[in-house]
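Novice: Under this note's numbering, the residues of the sequence shown are numbered 256 to 478, in order.
Among the clues, some could well be false.
[As the list claims (entries may be wrong)] Derived DSSO-like pairs (lysine-lysine); straight-line CA-CA distance at most 30 Å:
hint, residue 1, residue 2
1, K434, K411
2, K405, K459
3, K370, K259
4, K265, K333
5, K434, K460
6, K460, K472
7, K459, K447
8, K411, K471
9, K370, K286
10, K472, K384
11, K297, K329
12, K259, K288
13, K471, K447
14, K333, K259
15, K460, K447
16, K405, K447
Hints were generated in silico from the structure; no laboratory data involved.
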Amino acid sequence: MRVKDFMRTKIISVPSNTSLYDARKIMVENKIKRLPIVDNGKLVGITSLNKIREASPSQASTLSIHELHYLISKMTVKDIMHTDVITCHPDDPVEEVANIMHTRQIGGMPVLDDKGELVGYVSSNDLFKVVVIMLGLDIPVSRITVEFSKSEVCSKLDGLIKLLDEHNLCIRSLVRFDKEDNTSQIVLRVEKAEINGFVEDAIKKGFKIVSYLTGKKEVRINK
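Using the sequences plus the hints, can you model the full thing?
Specialist: As structure tokens, then:
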């Protein structure tokens with residue numbers, strides 16, 4: 256899945272001469288936490304609601320209300336915007352973007368096309384929605400957890416997939432988790448079906464089934 260498949264294309268942005276008061280109002284009214292700054296069609300920076308709040312004079316100051324409003328009205332987003340913006344491209348893989356956002360600890364990324372024009376925006380919430388879809392969390396499924404030693408995952412996974420096929424089980428997602436004890440767990444999510452027969456056959460063939468879940472009932476076999 257690519258960024259262009261799930262990015263938001265209705266982008267709210269402002270020019271760099273926008274006052275902090277107006278920028279804050281726009282963000283509150285549109286329920287957004289980050290605001291791209293665009294001049295002459297080009298992204299020049301980004302700011303956040305927290306940044307605007309930090310830059311605004313404190314209500315506990317000795318200034319009068321009128322003086323506070325005057326100071327805020329004179330400050331623009333250009334004064335506080337972050338100019339070294341981390342961006343992505345519409346064709347970037349979703350997992351690559353997710354990793355960048357995680358490692359750089361950012362909550363969103365503007366999307367720029369080949370011309371450097373702002374064409375979309377991706378937030379952490381957008382990525383959560385993608386993960387839900389990719390893992391099949393949005394539909395009823397059965398879940399099976401199988402454990403291997405790390406060295407045998409590649410050689411034995413093919414046999415596990417063939418066994419699923421023999422039982423006419425359709426995989427919605429397959430995720431591998433490597434543990435510190437030199438084992439790996441494969442979590443299979445299959446379209447909702449009777450899986451007891453598969454579990455029995457898998458155990459007979461030497462696969463270590465840790466647990467399986469159908470509906471709301473989870474059965475743990477090997478702890």
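Novice: Does each hint hold? Answer for all of them.
Specialist: Status of each hint after checking the structure:
no. : hint        : verdict
1   : K434 - K411 : holds (18 Å)
2   : K405 - K459 : holds (21 Å)
3   : K370 - K259 : holds (15 Å)
4   : K265 - K333 : holds (23 Å)
5   : K434 - K460 : holds (23 Å)
6   : K460 - K472 : holds (24 Å)
7   : K459 - K447 : holds (22 Å)
8   : K411 - K471 : holds (29 Å)
9   : K370 - K286 : holds (29 Å)
10  : K472 - K384 : holds (25 Å)
11  : K297 - K329 : holds (24 Å)
12  : K259 - K288 : holds (21 Å)
13  : K471 - K447 : holds (12 Å)
14  : K333 - K259 : holds (29 Å)
15  : K460 - K447 : holds (23 Å)
16  : K405 - K447 : holds (28 Å)
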